[in-house]
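Visitor: Listed here are the chains, written in short residue letters.
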Amino acid sequence: MFSYLLRRLILVLPVAFGVSVICFLLVQIAPGDPLTAIMPVDATAEEQAAMRAAYGLDKPLPLQYAIWVGNLAQGDMGRSIATGRPVAAEVFGAVQNSLLLALSAAVIAFPIGIFLGFLAGYFRDTALDKAVTAVSIAGVSVPNYWLGIVLVIIFSVNLGWLPSMGAGPGGSRDWSWNWEHMRHLVLPAVTLAVVPIGIVARTVRALSGDILGMDFVQALYAKGMSRLDVLIHVGRNAAATALSVMGLQLGYLLGGSILIETVFNWPGSGFLLSNAIFQRDLPLLQGTILVLALFFVAMNLIVDVAQAAIDPRIKRS
Amino acid sequence: MLMLSAGLVSAQGALAQGTLRIGMTAADIPLTTGQADQGGEGMRFMGYTVYDSLVEWDLSSADKPSTLIPGLATEWAVDAEDKTKWIFRIREGVTFHDGSEFTAESVVWNLDKLLDDSSEQYDPRQAAQGKSRIPAVASYRAIDPLTLEITTNTPDATLPYQLAWILMSSKANWEAHDKDWEKVAMEPSGTGPWKLEEFVPRERAEMVPFAEYWDETRVPKLDKLVLIPLPEPNARAAALLSGQVDWIEAPAPDTIPAMRANGFVISSNTYPHNWTWHLSRLEGSPWNDIRVRKAANLAIDREGMGALLGGLMVPAKGFLPPGSQWFGNPSFDVRYDPEEAKKLLAEAGYGPDKRLKVKALISPSGSGQMLPLPMNEYIQQNLAEVGIDVEFMVVEWNQMINLWRAGAADPAVEGSQSINFTYFIQDPFTGLIRHLACDLIAPNGTNWGHYCDPGMEELFNQIRTTFDPAEQDEVMRRTHEKFVDDALFLMVTHDVAPRAMSPRVKGFVQAQNWYQNFSSITME
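Just so you know, the protein sequences line up as chains V and B, in that order. Per my numbering, the first sequence runs over residues 1 to 317. Per my numbering, the second sequence runs over residues 1 to 524.
FYI, nobody ran anything at the bench for these hints, they're computed from the structure. Not one of these hints is a red herring.
Residues on chain V that point at chain B, a partial pick, calculated with CB under 7 Å: (1) D33; (2) M39; (3) A43; (4) A45; (5) G84; (6) V152; (7) S156; (8) V157; (9) P163; (10) S164; (11) M165; (12) T262; (13) N265; (14) P267; (15) N275; (16) R280.
Quick look at which bits of chain B chain V covers, simulated, 3 or more residues with Cβ under 8 Å: (17) 128-139; (18) 396-409.
All C-beta atoms in this analysis are idealised placements derived from N, C-alpha and C, irrespective of residue type, glycine included.
Only chain V is shown next, with the shape it has when bound in the complex (with noise of 0.2 Å):
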């Protein structure tokens, strides 16, 4: 289990070193000029000039990025060019509450997820089946952002439970939360469960229902187990292919949710995205897609190795 930890740890390595190289570029195709959101409309072409110098865009691009890499191994991502604050204290605080709003999604979404695919794959083919692959299908297919706006319509606008907006009074940057942060909480969390609710509970019903029909449940129930414990050695089965599809959920829940995140002002590192893309902030762009990017191989990696130890088959190949 050592070996295979390092193994996959040394793998990290190049990975990283791609996630840099590619989000170092790809901000840099963008059209539009990053200074934009900070000069004037009408600065001259010197102004321009002078400020392209100061913040070292007037460099060439591999000269650029040794200087970000270079920066980046000293713990310093720079600082944003729309707000001049530094790029890892606005990040980190944004992912911050964007992984609240992931765990509180998966908390919601893998527990439905499992049971509604786990009772469709027990009950294959009926009516029940029928309706929960409806359900799931629908939640893959209503797109959330859309889902959200009308929960926020039915329970801000015309009930008045629940705020429309925001991570709660003071923003969210000490996790010293209580009720009004909860309820803050409540809508996007629900908006954003919606997907990995209909991806969990298809992966699942596939799985249990191929397993339920091998020969080796029914040979367990020829040894008289009972029931139960039938279906715990479907759901061992199960797990490894289904954490795999979890993990990579939570990696989309945490970097995928800009449009959930700009629908419900939720401070966290989509609503951060998107403000940069909108700015051209480029350390800022640079600085959150990394982090992002980063944290979904660490969930790879949390996976694989979370499989590994579930199904000693994955070490052995």
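Chain V is already provided as a structure; the job is to place chain B on it using the hints.
Guide: Quick look at chain B alone, frame taken from chain V:
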């Protein structure tokens, strides 16, 4: 039920404290250190609330265009012998929020903050916002604590308008924060009617009244003013409708009927902002023919466009709004007259067999751009009806700003002969001069279309050298008449700065200005 109770308690708390919560369109809290960023909205909410300028805008009336009034300077005058020297009398007894005194030296220190990159307090971020606003300033000195002298590069009567941009931060506060503007940002100090009490980047800013404010009539009545960045229009509307904020800037036109139906108040007023096509005057541009320019202006059904915008617009009668003190009496009547437009085009050599083809640079969104796609498609249809076929080049807003700076001759505009841009037209320079002055032809300035006309240059020169405000206004009127009579832009409409608010918001007077006074507001 618990949630409902919590919500009610929260709402009642806000009500009892007299707190006004505003949802801004900005994505972040504007720069707090003095010279605000985020354009007009930044100056409106973080500039003229926490800070003052030497010269200010009169924001007390909704019925007439705003004019300049004394601010931190009680009076000013140009030297009768040397028209480059100005004397400003500094208001006595003004203190910053930190208790330090405001003097002529404070002004010198603040101008160094923006203009002198060798000074200790030079702040590139504030300089980026303020330096280009005061192009006339050559030097400055404090003659005594209450007398300031400013020298301009050349005689320039627009100096008071330029100085209305410049906001005064406290030197004592900067020193108390280790001469570090980043630390100042969290605890700034101005002389304005509001003190910044709490600031969470990208989330909220909370202000409380400055009880010792020098203008007793403008000491805020509210207990607290809260600014919340809400860049997404639907999120702003939902926040207002669900009672999380009391006021939103720029509600989307299609949400306004629902707001009105729910008892919310839509406040709007004419203000110095226009929505135009800035025309290329490069050789070969069809817009060089005044008949074509006039024909296009006569082809636009502006009243019909009003329906598209829920009535939230003022049809253009010129480059400035019809109620402007500088509108004058142009002879060209900007109206909807397609038959006259066709006649003019025929005179210019165009007709059914030879339709005019033009290329227009537009953006799908952008600050102050209203609803650019449907509005431009509407114009495209109007122009097609008189024989002008428009091809659009659509670019993202930030790229559009770059192309605007680059000018009509830049290859990046790919031969576009116009650019759809909205303009802040509040003072002589930003309103008129910068668009058409010969020395500001892009990329040296923002004369996108490369227009250069001796008659216009003479008028601009008169604006700069006419020091009597009433006479200067008269020159401004004549200049605007030339803008209209020569049909120098496709003049389409004026925004009306709509904002939606709870009926509990009382006492707000929406001035005909980009900036507003929040001191008179109370919460019922």
